[in-house]
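Student: For the protein sequence lines, the chains are A and B, in the order given.
Number 175 in the working numbering belongs to position 175 of the first sequence; there are no gaps in the numbering.
Number 98 in the working numbering belongs to position 98 of the second sequence; there are no gaps in the numbering.
Rather than coming from a laboratory, the hints here were simulated on the basis of the structure.
Backbone N, C-alpha and C fix where the C-beta goes; we use that ideal spot for every residue, glycine too.
One should not assume that every hint holds.
[As the list claims (entries may be wrong)] Computed list of lysine to any residue pairs in SDA-like fashion (alpha-carbon distance at most 25 Å, straight line):
| # | chain 1 | residue 1 | chain 2 | residue 2 |
| --- | --- | --- | --- | --- |
| 1 | A | 130 | B | 36 |
| 2 | A | 668 | B | 128 |
| 3 | B | 25 | A | 46 |
| 4 | A | 285 | A | 71 |
| 5 | B | 25 | B | 65 |
| 6 | A | 105 | A | 63 |
| 7 | A | 258 | A | 71 |
| 8 | B | 25 | A | 285 |
[Stated by the list, open to error] Partner residues are not named here, just some residues of chain A that face chain B (Cβ under 10 Å, in silico):
| # | residue |
| --- | --- |
| 9 | 37 |
| 10 | 168 |
| 11 | 293 |
| 12 | 536 |
| 13 | 539 |
| 14 | 626 |
| 15 | 708 |
| 16 | 712 |
| 17 | 757 |
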Amino acid sequence: MKIAEDVVSGLSALDRPNSYIGRSVPRPNLDRLTQGRGQYVSDLVLPRMVHVAFLRSPHAHARIKTIEAGQAKSAPGVVAVVTGPELAKVITPWVGVLTHLKGIKSAPQHAIAVDRACWQGEAVCAVVAKSRAEAEDACALIDVDYEPLFAVTDAETALDRATPVIHPELGDNLTFERALVAGDPDKAFAESDAVVETTFVFGRHTGVTNEPRAIVADWNPGEQRLTVYQGTQAPHMTQDIFAKHLNLGSHQVRVITKDVGGSFGIKVHIYADEMATVALSKLLKRPVKFVADRFESFTTDIHARDHRVRAKIGVKKDGTITAFEIDDLTGIGPYSVYPRTSGIEANQVVNLVGGPYTSPNYRARARVVFQNKNVMCQYRAVGHPIATAVTEGLVDLAAAKIGMDTAEIRRRNLIADDAYPAVGASGIKFEKLSHHACLDKILAMMDYPKLRAEQVGLRGRGIYRGIGFASFIEVTNPSAAFYGVGGARISAQDGATLRLDATGAVFVHSGITEQGQGAESILAQCVATSFGVPIERIRIVTGDTDNTPYGGGTWASRAAGIGGEAAWQAGKALRANVLAAAASILQADPKALDIRAGIIVDSDNGRERMPLEEVARIVYFRPDTLPPGFQAELVVTRHYVPRAWPFAFTNGVQASYLEVDTRTGMVKLLKHWCVEDCGTVINPQLVDEQVRGGVVQGIGAALYEHCLYDETGQLLNGNLMDYLLPMANEMPDIEVGHVVTPTADSELGAKGAGEAGTAGAPGSVMNALNDALRPLNAALLVEMPFTPERVLRALGRV
Amino acid sequence: MSARHLDINMRVNGEAVSTRVEARKTLVDFLREDLSLTGTHVGCEHGVCGACTVRLGGEAVRSCLLLAVQCDGAEIETIEGLSDSGAITDLQSAFARRNALQCGYCTPGMLISAHELLANGTVPSRSQIREHISGNYCRCTGYQAIVDAIEQVAQTRATAK
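Construct all of the structure, not just a fragment, from the sequences and the given hints.
Tutor: Encoded structure:
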């Protein structure tokens, strides 16, 4: 029996009768999806709808001399052929910079390339036709005369004087640079008993959402309104941006988001081809649909990571870590992505390295450079996998150098659980973390001493297994500190509007969005509990800028902690309003009443007074019977944004147990553990599955996934035959445990859980791999993904 | 030169379909665009991700690797048909209770693969389940919940016999 049934609790930690908080309530939207009745944008068909296909640059960098499209224009089914300069009359370009990333710069990016294509895959011409197939047929008839330009592809040489500057008006290829010194790293390294240094390399990979990016834009000249059906994580953000660049009021734009086939940070950015699609709809005055095919996904969905980090750690013989130092270089393609910029990941790496540990001495530099490759931007766990793998890789190197157990060195250096509030070396602020409790718990879950004994025993039989840890911190519940302070028009707060209808059902309209994480379930659990009705009476509405409170959407693990708190508070407010109405009907004191399981009761003894639907019936249909002067308000809105802390940091630890086939270089993952602390657990099953999905995404980065480019900027493996993904057969079972340290910034106390798995998995797998091969004196494996070839090279076998 | 369009006859979810179809059209595009059966999804269009899995003559196949005209005379079942017939209700319920889907995009194909695995009534091991669904890509779940749900249905069906 593997399916744990949801267990009904009595009073929860949040002290409400019949609480749904802490219960594994099934998500309300799942039956639809299991029956193939989802409503993904790819499925959508509208009257008069046409399809756009983009002719994309085959060159990484080329001047567009002429575009000959005569034949295409007269091809069957073709409605329009539109070039970059033509579309630039409809939609203005954008620049992906924010003021809080000091000095970040980028160049204007157009919906369709104007004069010059800057990466292989950038759209240079659009063909709109009755069907996608006809649009693609016509693309093949377009003749573009390109003048190939030098492609800057190597981040290492992008800043050399001899390297051409991609955007000459910017002066150089440097997008952003940040340097930080804390404490006295030079003195600390000098006083260390050992200093270990290496360079970690993180390959480019990408999100590979199962449903590619999809958008249907419908400009209605009769209404002067644009309705956009878009698979996005942030509808209000895209509404604002579509309006701005089409020169419309934002009230003229409605963004609707129904089911989204995976997001992971891929669908939170502005993409040129989606901007082109909305502009084409405005131009053609009819619905236009664009769905990326898999090759387009590989060449235009944001890529992630692609960091090279020179890193150093100092340690004393007793295991005390004295200092960390990093020098990070990352290549982000030809444009900083709009509107969140492509500087955030490197900035996060600087913030997070060394974060779990007490060492106050830290030197960091991060440089972000332009290249003629696909754009790079924020993807699940932004910066965390890099910072964690670098930190934890260094800690394991230090342990090996001084001959200390890898769990023990962590125990000696992790910030003590009673030392909070605390400040990390980079200046990040921690409200309360639980590193030691998490470490203790994972060691017990693994039966660590037994596992070590097994590992040693098997070596004698030529079986090489490794155990790798990764302690981590995770940025969740972001306040305006993430984007708003830098000028991005991305809502940091979120809201929930509740409406009691005439039968006692509650409609919840929320600014957060659902892409499968279970956000709608979290909202329903919060409202059902704080208002006091069975969860079946809750109806959730998200993903519609006309019908939800202005909000940020779902990203950076903000949905439960921020959107959930707003819904929780709205439930309380609606309860107070309903009880005021009930009290006026019952001639009672509202303070002496409560709502439990959909019934108005005496709060002291639970005696039933009247059903909720009776209150609603009187308020809506017989308000004439209410006392004079009493006006019932059965719609309420509440908002929430974290104020006490810029981010709710969470923490946890992962462990990987794996076996290396030293003849083939193949890595077999035997088991994986994660203990994390996301504060109040609203729905244990959903948290566990966020962790498991995230771990597997991190394992993909560690072992398989890599966007391979040649030196001319050609992507070599932009398909699922050549780009390896984690599939079921290679993945281990993942055991998840929790430590609960609620944030005091909200009443719910929930922090985020979406990044934890992806944050820690690559580092723990890397450490396990090196742990397995250490007795064989293998070279250190520090370049992800760890392919069989790289493993064999480390062993000196090839 | 062969005809650009051909007449085809098939049964889809038990209903007779007689129509004229573009010769180059894949089965998945035909199901989605011509028959509005949008429960079958397009993920990679080259036979790797499994989102387009349907049943052709009782066998799970990739509808992106078949042309509609190849299916002339065939019997096809999609997630809509399997849902309406009740054939996989227990699997669907187990997937929902175990949260074996997040975005749900892979789910119709995953369910059809699972349905095929469990068709002979045996209880597969977890590694056999993992191997059988290793042609169905899921980015959200990390697969464990899917394995759990399939395993439980196999055990329940075996107990009920």
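Student: When you check the alpha-carbon spacing of residue 285 (chain A) and residue 71 (chain A), does it fall within 25 Å?
Tutor: holds, 24 Å
Student: Given the hinted pair residue 25 (chain B) and residue 65 (chain B), is their Cα-Cα distance within 25 Å?
Tutor: holds, 10 Å
Student: Verify the interface restraint on residue 708 (chain A): the C-beta must sit less than 10 Å from at least one C-beta of chain B.
Tutor: violated, 17 Å
Student: Restraint: residue 757 (chain A) near chain B, CB-CB cut 10 Å. Satisfied or not?
Tutor: Because about 8 Å separates residue 757 (chain A) from the closest Cβ in chain B, which is inside the 10 Å limit, the hint holds.
Student: Once the shortest beta carbon distance from residue 168 (chain A) to chain B is found, is it less than 10 Å?
Tutor: violated, 39 Å
Student: Please verify whether residue 258 (chain A) and residue 71 (chain A) have alpha carbons no more than 25 Å apart.
Tutor: This hinted pair is violated, its Cα atoms lying about 38 Å apart.
Student: Residue 25 (chain B) and residue 285 (chain A) were given as a pair; does the straight-line alpha-carbon distance stay at or below 25 Å?
Tutor: Violated. Residue 25 (chain B) to residue 285 (chain A) sits at ~29 Å, over the 25 Å cutoff.
Student: Should the interface hint for residue 293 (chain A) be scored as holding, given a Cβ-Cβ cut-off of 10 Å against chain B?
Tutor: With Cβ-Cβ at 6 Å, under 10 Å, it holds.
Student: Hinted pair, alpha-carbon criterion (25 Å max): residue 130 (chain A), residue 36 (chain B). Please report holds or violated.
Tutor: holds, 17 Å
Student: Under the criterion that the straight-line Cα-Cα distance not exceed 25 Å, is the pair residue 105 (chain A), residue 63 (chain A) satisfied?
Tutor: Holds, at roughly 22 Å.
Student: Do the numbers back the hint for residue 539 (chain A), that is, is its least Cβ distance to chain B under 10 Å?
Tutor: Constraint on residue 539 (chain A) not satisfied, violated at 18 Å.
Student: Verify the proposed pairing of residue 668 (chain A) with residue 128 (chain B), using a straight-line Cα cut of 25 Å.
Tutor: The hint holds at about 16 Å.
Of the hints listed earlier, those the structure fails to meet are numbers 7, 8, 10, 12, 13, 14, 15, 16, in rising order.
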